[in-house]
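**Student:** Chains as they are written, first to last, in our numbering: chain A, 1202 to 1430; chain B, 469 to 712; chain C, 7 to 230.
In short, the hints are calculated from the structure, not lab data. It cannot be assumed that every hint is accurate.
[Claimed, not checked] Derived lysine to aspartate or glutamate pairs resembling DMTMM-like cross-links, with alpha carbons at most 20 Å apart:
| id | chain 1 | residue 1 | chain 2 | residue 2 |
| --- | --- | --- | --- | --- |
| 1 | B | 544 | A | 1262 |
| 2 | A | 1424 | A | 1399 |
| 3 | B | 683 | A | 1220 |
| 4 | A | 1424 | A | 1408 |
| 5 | B | 572 | B | 503 |
| 6 | A | 1424 | A | 1375 |
| 7 | B | 544 | A | 1220 |
| 8 | B | 544 | C | 229 |
| 9 | B | 544 | B | 503 |
| 10 | B | 544 | C | 230 |
| 11 | A | 1424 | A | 1401 |
| 12 | B | 476 | B | 679 |
[What the hints assert, rightly or not] Covered stretches of chain A, as calculated for chain C (at least 3 residues, CB under 8 Å):
| id | stretch |
| --- | --- |
| 13 | 1233–1243 |
| 14 | 1272–1284 |
| 15 | 1305–1317 |
| 16 | 1371–1381 |
[As the list claims (entries may be wrong)] Across the chosen pairs, the derived CB separations fall in these ranges:
| id | chain 1 | residue 1 | chain 2 | residue 2 | range |
| --- | --- | --- | --- | --- | --- |
| 17 | A | 1364 | C | 207 | 52 to 62 Å |
| 18 | B | 558 | A | 1312 | 53 to 63 Å |
| 19 | C | 80 | A | 1221 | 15 to 25 Å |
| 20 | C | 15 | A | 1244 | 35 to 45 Å |
| 21 | B | 494 | C | 41 | 55 to 65 Å |
| 22 | C | 167 | A | 1380 | 47 to 57 Å |
| 23 | B | 692 | A | 1312 | 56 to 66 Å |
| 24 | B | 656 | A | 1221 | 53 to 63 Å |
| 25 | B | 597 | A | 1394 | 48 to 58 Å |
| 26 | B | 597 | C | 94 | 40 to 50 Å |
| 27 | B | 695 | A | 1364 | 31 to 41 Å |
| 28 | A | 1321 | C | 15 | 20 to 30 Å |
These numbers come from a predicted model, not from an experiment. All C-beta atoms, glycine included, are put in the ideal place defined by N, C-alpha and C.
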Amino acid sequence: MVDEPPAIELRGLARYFGERAALRGVSVRVPAGATLAVLGRNGAGKSTLLRILATLLRPHDGEALVFGEALPRRGFAVRGRLGLLAHEPLLYRELTGRENLEYHARLHRVGPARVQQVLEAVEMERRAEEPIRLLSRGMVQRLAVCRAVLHDPQLLLLDEPRANLDPAASGLVEPLIGRQSGCTRVLTSHDPRAALAEADLVLALRDGRAAFVGPPAEIDQAKLDALYA
Amino acid sequence: MPSTTYGKGLRGLSLATLATIALALALVFFYAPLDADQGFVQKIFYIHVPLAIVSLCGFIFGAALAVGHLRTGDRKWDMRSYVAIHMALIFGVGGLITGSIWAKASWGHWWVWNEPTLVSFLIVLLLFATYQPLRFSIEDPERQSRYASVFAIVAGAFVPLNFLAVRLAQEFVHPRVLTLGGGNLPGAMRLTFLISLVGMALLYVTLWKYEMAAKNARSQVRRLRRTLLGDDSVRPAGRSAAPL
Amino acid sequence: MRTALILLRKDLRLELRTLETVPAMILFALVTFVIFHFGLNRSTIDGQLAAGVLTATLLFAAMLGINRLFVAEREQGGFDAFLLAPVDRSSMLVAKAAALFVFLAALEVIAVPAFGLLLLGPSLGPALPGLILVLALADLGLAVIGTLVSGIAVQTRARDLIGPVIGLPLLIPALIATARAAGPLLRSVHAPAAPPGKWLAILALYDLVFALLAYAVFDFLLEE
């Protein structure tokens, strides 16, 4: 569609924590279906950006539009259409994987059949009746992926999605959160090479400012070194 | 915030406050008649009751300003609310101490439980005393001001409910010659009381404005330094109960 | 409402699974009765003293539950998960207040008969219907204020301290009304059948005002 709004549009976005600016003057436009890789050192503002897009943090300045809806005012129109996979799995430790997912399914008005479907997709249906606290970190991460995609979001916000996943598990979640998912994706990674390989667009953050916005082909080793220096 | 100048008219207001308080004190000592039962100590009434009334109004004022903060999301309202409440706390402690002295003088005890106004006042003060610790234990400044406003509103609404409950709990209210409103005071006492009340209220407003002006100036200086000299020129603000 | 039920169900399931809160509240209440027995040096108490001991004990036991009400949400990402869902945010207040109410009711089902056995002079039976009414109204107020206070305190660094320090003064009027409503019911002689209407009305007014207030301000506690 020609006049479909971009999935994400940021104009001069800023967010402060007290006097410290976590993000300043960030502008980027992500077309629907594209993948944006957000690069930068620890504390560069990557997670803040993801939390703003997830409607969990309020932008302080500039504009943030998701699916053409301005945040934070129209956050409710966006919430059900995005999936966030952050550092914390957002699962209750004392409940089983299935109970956790059923809880999220009810909140998102998704039927129980979908829970079974995603559990099978990540091959966790056998361990789904165990409390989260008994599972290994990789298994918890697989369940967290299930949680994030349970309601078929159109926009995936992935903060280091492959943390704690071995290659096999990484392959399992690929259809859910990889390029094949067909979702617009925003991802960060501790491994800039891997992130670049997946990306259509790169946003490099340095101290909360956009150091580089453009296609991954334009980012070379020297720029990467400067970014992580 | 730059357009807000809290210092405006402060000189005139300060002079008016000074004059009113001087007049009130003169009336208290030279004009108001000596109470037949309680003697000279009764005159602390002219300090105690206005302090308590102004302090309670200050809490309510702070709650109203907190509503402004939550409605607009503008943190200058939080600053106003903070200054209002912390000033009211200082007046409140003064009110409690003078009230205690008065209680000792008129009933022979430093503390009386059958004086509902005094008891309610203590409870309100205990509640608002947690305002500063609450602020101090929330690190993120934005969350701090939001939570402080929620607290201020709840605590503000608590004030009248608490007075109602405590007053009803007293089956035998101590017979009082003087009621709070000064409704049945003899004329001279009443005039003195009203002028004292006005003086105390003016003092509150003046101090509120002084502190707002100081806080405002300080934050503007900080902002200027950051703009002109760069972010590293100011030391990062330490943890504080006060809004920045 | 639907969302509140989903949340409540999850909270009750978590409590049943961990048995963290309610058993601790019950044990706390029982120990407190023993402490009052020695502190007052009385084998039986009645009337206003009995009502005061019962109310104070329940209030302090409730503080334990209030302190823990949001801990799982804060530490295990429950807040974020809830905020990501396209649901009405006030349902969190309703669900948590309902959960706290259930916890308090569970506490009282054990603690009130235990109080009757251990400390109360007159027999509990005749007072029970009136007492249930009073405690139901008191629990409503405790649940609402407790949820609000807990929601504030859970985001502070010293949450175990901030909760009671804010909560106890806020609950004093409820404590006054509860104790005064229950006092006549627990008299040894001339106990009326119904609690005094004046105090029930105060309690109801208190519940209503704070329920509306909590509903108005609670969303601000969730936002980031």
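**Student:** Honestly, do residue 692(B) and residue 1312(A) meet the 56 to 66 Å range at C-beta?
**Tutor:** 58 Å, holds
**Student:** Would you check the hint for residue 544(B) and residue 503(B), treating anything up to 20 Å between C-alpha atoms as holding?
**Tutor:** Status violated; Cα separation ~46 Å.
**Student:** Between residue 597(B) and residue 1394(A), is the Cβ distance one that fits in 48 to 58 Å?
**Tutor:** 57 Å, holds
**Student:** Quick one, are residue 544(B) and residue 1262(A) close enough, alpha carbons at most 20 Å?
**Tutor:** 17 Å, holds
**Student:** Can you tell me if the stretch 1371–1381 of chain A counts as covered by chain C, using C-beta to C-beta distances under 8 Å and a minimum of three residues?
**Tutor:** Since 0 is below three, the answer is violated.
**Student:** Should the hint that residue 597(B) and residue 94(C) are 40 to 50 Å apart at their CB atoms be regarded as holding?
**Tutor:** Taking Cβ atoms as reference, residue 597(B) and residue 94(C) lie about 35 Å apart, which means the hint is violated.
**Student:** Does residue 1399(A) sit within 20 Å of residue 1424(A), going by the straight-line distance between their CA atoms?
**Tutor:** 18 Å, holds
**Student:** Indicate whether the distance between the beta carbons of residue 80(C) and residue 1221(A) respects the range 15 to 25 Å.
**Tutor:** Cβ of residue 80(C) to Cβ of residue 1221(A): about 23 Å, so the range 15 to 25 Å holds.
**Student:** Assuming the hint says 47 to 57 Å, is it satisfied by the Cβ distance from residue 167(C) to residue 1380(A) or not?
**Tutor:** Cβ of residue 167(C) to Cβ of residue 1380(A): about 50 Å, so the range 47 to 57 Å holds.
**Student:** Going straight from one Cα to the other, do residue 544(B) and residue 230(C) come out at no more than 20 Å?
**Tutor:** 18 Å, holds
**Student:** Just to be sure I understand the hint, the distance between the Cβ atoms of residue 1321(A) and residue 15(C) should be within 20 to 30 Å; is that true here?
**Tutor:** 25 Å, holds
**Student:** Range first: 52 to 62 Å. Now tell me if the beta carbons of residue 1364(A) and residue 207(C) are that far apart.
**Tutor:** Holds, since residue 1364(A) and residue 207(C) (Cβ atoms, about 58 Å apart) stay within the stated range.
Of the hints listed earlier, those the structure fails to meet are numbers 6, 9, 13, 16 and 26, in rising order.
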